[in-house]
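Going by this note's numbering, the sequence shown opens with residue -6, and the numbers climb by one from there.
These are computed hints drawn from the structure, not numbers from a lab.
Take these hints with a grain of salt, some might be off.
Here are the in silico distance ranges between beta carbons for each label pair [what the hints assert, rightly or not]:
id, residue 1, residue 2, range
1, Ala(-2), His36, 24 to 30 Å
2, Gly30, Glu63, 44 to 50 Å
3, Lys26, Arg47, 44 to 50 Å
4, Glu23, Gln55, 25 to 31 Å
5, Leu33, His10, 23 to 29 Å
6, Lys26, Ala(-2), 36 to 42 Å
Please read all numbers here as calculations on a predicted model, not as lab measurements.
Glycine is no exception: its CB is placed at the ideal position from the N, C-alpha and C atoms.
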Amino acid sequence: AVTSAAAVPGCQTGASHEGDIAAAARFAVETAKAYGGGRLDFHDEAEFAALVARYGPLAHLQTLGNAPRES
């Protein structure tokens, strides 16, 4: 981990300009406030319904799979 009082070029996140980091933080906070307040959706309902109609719910991908468990 890099610890410094100033931004260090080439740090692991790739973001080293203080203005970029501040803008990203503001965006994240404002997005969270809008989503929490019910003014923002992260997906389009009609497009999601079309994808589910075409491919199914794909709920099997949210499991640990069908492999036998080790004893």
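Evaluation of the provided hints:
{"no.": "1", "hint": "Ala(-2) / His36: 24 to 30 Å", "verdict": "violated (40 Å)"}
{"no.": "2", "hint": "Gly30 / Glu63: 44 to 50 Å", "verdict": "holds (46 Å)"}
{"no.": "3", "hint": "Lys26 / Arg47: 44 to 50 Å", "verdict": "violated (34 Å)"}
{"no.": "4", "hint": "Glu23 / Gln55: 25 to 31 Å", "verdict": "holds (30 Å)"}
{"no.": "5", "hint": "Leu33 / His10: 23 to 29 Å", "verdict": "holds (27 Å)"}
{"no.": "6", "hint": "Lys26 / Ala(-2): 36 to 42 Å", "verdict": "violated (30 Å)"}
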